[in-house]
Amino acid sequence: MKNKISSHDRRQLKGYIYILPWLIGFLVLQLIPFIQSFYYSFTDYSIMSSPKFSGLNNYITLFTVDPEFWNSFKVTWIYTLYTVPGKIIMALIVAMLMNRDMKGINGLRTIYYIPSLFGGSVAICILWRLMFMDTGVINGILGAFGLPKLQWLGNTKTALPTICMMEIWQFGSSMVMMLAALKNVPKDLYEAADLDGAGAWDKFKNVTIPQISPIIFFNVIMQTNNALQAFTNAFVITKGGPLKSTYLLGMKLYQEAFSYYKMGYASAISWVIFATIMVVTLLLFRYSSGKVYYSDAGDF
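In the numbering used here, the protein residues as written are 1 to 300.
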């Protein structure tokens, strides 16, 4: 009995040793900063001096005094409402096109996935900025067809949609998940629909969408969370301009923390973002009840 217990304990010890690097990383890089940021959000902390408790002052200033916060909040939501549906719709359309047995289909799937490997990098953001500048490739193509050139990044009406196009372009990972879901839809459901005289749209609406709804829902959750935390694209391409039309909450947080060194205020912004994500996620789960179908567990 003693040998069995000691053997079990040794196995447990080995398990803890194996996950120790992750535990250290989680504690040092995630959990401790997470707790500290919550404390700092209630303090006047500027790095150069010790944090001084200020109660709800940061949040009161954020919601009632700082006009930039509400602008960045609005811009972030517009960005989210553009990119999340756009990316999911594009991913679904391409996945359905890729869900065919044809010569060279594997190569095409790889090509469509490539943007997701490089789309979030700073280098690609710089390339996107060069493409859409006044003398860039896009305006060059428009000029070649006799069309008027646009100030893609210098106009408040087109700057944010241009940034959104880059995010939508990175639909490869969502497309791969959609494609996997489409391949798992039982063929007999389509055969039954054919026997009932269902057309292509009826089969798509009543068979395809319900069967892949868990993957669609997962992508909605993940893409919404990512969009509400977006930073890199807008920061590299437009620096938040023109006239703050692409000034996302992530940029507001970055500027307050690393330009003005107001770490307490920046921490308050980070917790507003976190609370927004939590509320949106809970609402999406509440809304999904009865609309997301799980074949092994009934309606969610």
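What the hints contain is simulated information worked out from the structure, not anything from laboratory work. Glycine included, each C-beta is placed from N, C-alpha and C at the ideal position. Treat the hints with caution; some may be incorrect.
[Stated by the list, open to error] Quick list of simulated restraints, FRET-style, between CB atoms:
1) Tyr18 to Leu283: 19 to 29 Å
2) Leu282 to Tyr261: 31 to 41 Å
3) Ile35 to Met133: 38 to 48 Å
4) Val28 to Leu282: 36 to 46 Å
5) Leu283 to Ser49: 34 to 44 Å
6) Leu147 to Tyr39: 50 to 60 Å
7) Pro85 to Leu282: 14 to 24 Å
8) Phe63 to Asp196: 19 to 29 Å
9) Val28 to Lys149: 44 to 54 Å
10) Leu23 to Gly104: 17 to 27 Å
[As the list claims (entries may be wrong)] DSSO-like cross-link-like pairs, simulated, lysine-lysine; straight-line CA separation at most 27 Å:
11) Lys74 to Lys103
12) Lys203 to Lys149
13) Lys203 to Lys52
14) Lys262 to Lys244
15) Lys149 to Lys244
16) Lys205 to Lys74
17) Lys183 to Lys203
18) Lys203 to Lys74
19) Lys183 to Lys291
20) Lys103 to Lys52
21) Lys203 to Lys187
22) Lys205 to Lys291
23) Lys157 to Lys262
24) Lys157 to Lys103
25) Lys239 to Lys262
26) Lys183 to Lys74
27) Lys262 to Lys187
28) Lys149 to Lys205
29) Lys187 to Lys74
30) Lys291 to Lys157
31) Lys103 to Lys244
32) Lys205 to Lys183
Hints versus structure:
For Tyr18 and Leu283, the hinted distance range of 19 to 29 Å is not satisfied, since their beta carbons lie about 38 Å from each other. Against the hinted window of 31 to 41 Å, the Cβ-Cβ separation of Leu282 and Tyr261 comes to about 34 Å, which satisfies the hint. Between Ile35 and Met133 the beta carbon distance is about 43 Å. The supplied range of 38 to 48 Å therefore holds. About 29 Å separates the C-beta atoms of Val28 and Leu282, a value inconsistent with the hinted range of 36 to 46 Å.
Remark: the range hint 34 to 44 Å for Leu283 to Ser49 is upheld by a beta-carbon distance near 40 Å. Look at Leu147 against Tyr39: about 55 Å separates their beta carbons, and that is inside 50 to 60 Å. A hinted range of 14 to 24 Å for the beta carbons of Pro85 and Leu282 is consistent with their spacing of about 20 Å. In this structure the hint that Phe63 and Asp196 lie 19 to 29 Å apart at CB is violated, the actual value being about 55 Å.
At about 51 Å, the CB distance of Val28 to Lys149 agrees with the hint of 44 to 54 Å. For Leu23 paired with Gly104, a C-beta distance near 46 Å fails the hint of 17 to 27 Å. At most 27 Å may separate the alpha-carbon atoms for a hinted pair to count; Lys74 and Lys103 exceed this at roughly 46 Å. The hinted pair formed by Lys203 and Lys149 fails the criterion: a straight-line CA distance of about 43 Å is larger than 27 Å.
Restraint check: the Cα-Cα separation between Lys203 and Lys52 comes to about 62 Å, which exceeds 27 Å; the hinted pair is violated. Taking the CA atoms of Lys262 and Lys244, the gap is near 20 Å; set against the 27 Å cutoff, the hint holds. For the hint linking Lys149 to Lys244, the alpha-carbon distance of about 23 Å falls within 27 Å, and the restraint holds. Simply put, Lys205 and Lys74 have alpha-carbon atoms about 33 Å apart, too far for the 27 Å limit, and the pair is violated.
With a C-alpha separation of about 15 Å, the suggested pairing of Lys183 with Lys203 holds against the 27 Å cut-off. Of the supplied pair hints, the one linking Lys203 and Lys74 is violated, its CA atoms being roughly 38 Å apart against a limit of 27 Å. A distance of roughly 21 Å separates the Cα atoms of Lys183 and Lys291; the hinted pair therefore holds under the 27 Å criterion. Note on Lys103 and Lys52: the hinted pairing is violated, with a Cα-Cα distance of about 66 Å set against a maximum of 27 Å.
Note on Lys203 and Lys187: the hinted pairing holds, with a Cα-Cα distance of about 11 Å set against a maximum of 27 Å. With a C-alpha separation of about 13 Å, the suggested pairing of Lys205 with Lys291 holds against the 27 Å cut-off. Of the pairs offered as hints, the one joining Lys157 and Lys262 is violated, with about 31 Å between alpha carbons and a cut-off of 27 Å exceeded. About 42 Å separates the Cα atoms of Lys157 and Lys103, which puts this hinted pair outside 27 Å; it is violated.
The suggested pairing of Lys239 with Lys262 holds, with an alpha-carbon distance near 19 Å, which does not exceed 27 Å. Only pairs whose Cα atoms come within 27 Å are accepted, and Lys183 paired with Lys74 is rejected, the gap being roughly 38 Å. Using a Cα cut-off of 27 Å, the hinted pair Lys262 and Lys187 is violated, with the two alpha carbons roughly 58 Å apart. Note on Lys149 and Lys205: the hinted pairing is violated, with a Cα-Cα distance of about 40 Å set against a maximum of 27 Å.
Taking the CA atoms of Lys187 and Lys74, the gap is near 44 Å; set against the 27 Å cutoff, the hint is violated. A C-alpha spacing of about 35 Å is found between Lys291 and Lys157, which places the hinted pair above 27 Å, so the restraint is violated. About 48 Å separates the Cα atoms of Lys103 and Lys244, which puts this hinted pair outside 27 Å; it is violated. In summary, the hint linking Lys205 to Lys183 is supported, as the alpha carbons are separated by about 16 Å, within the 27 Å threshold.
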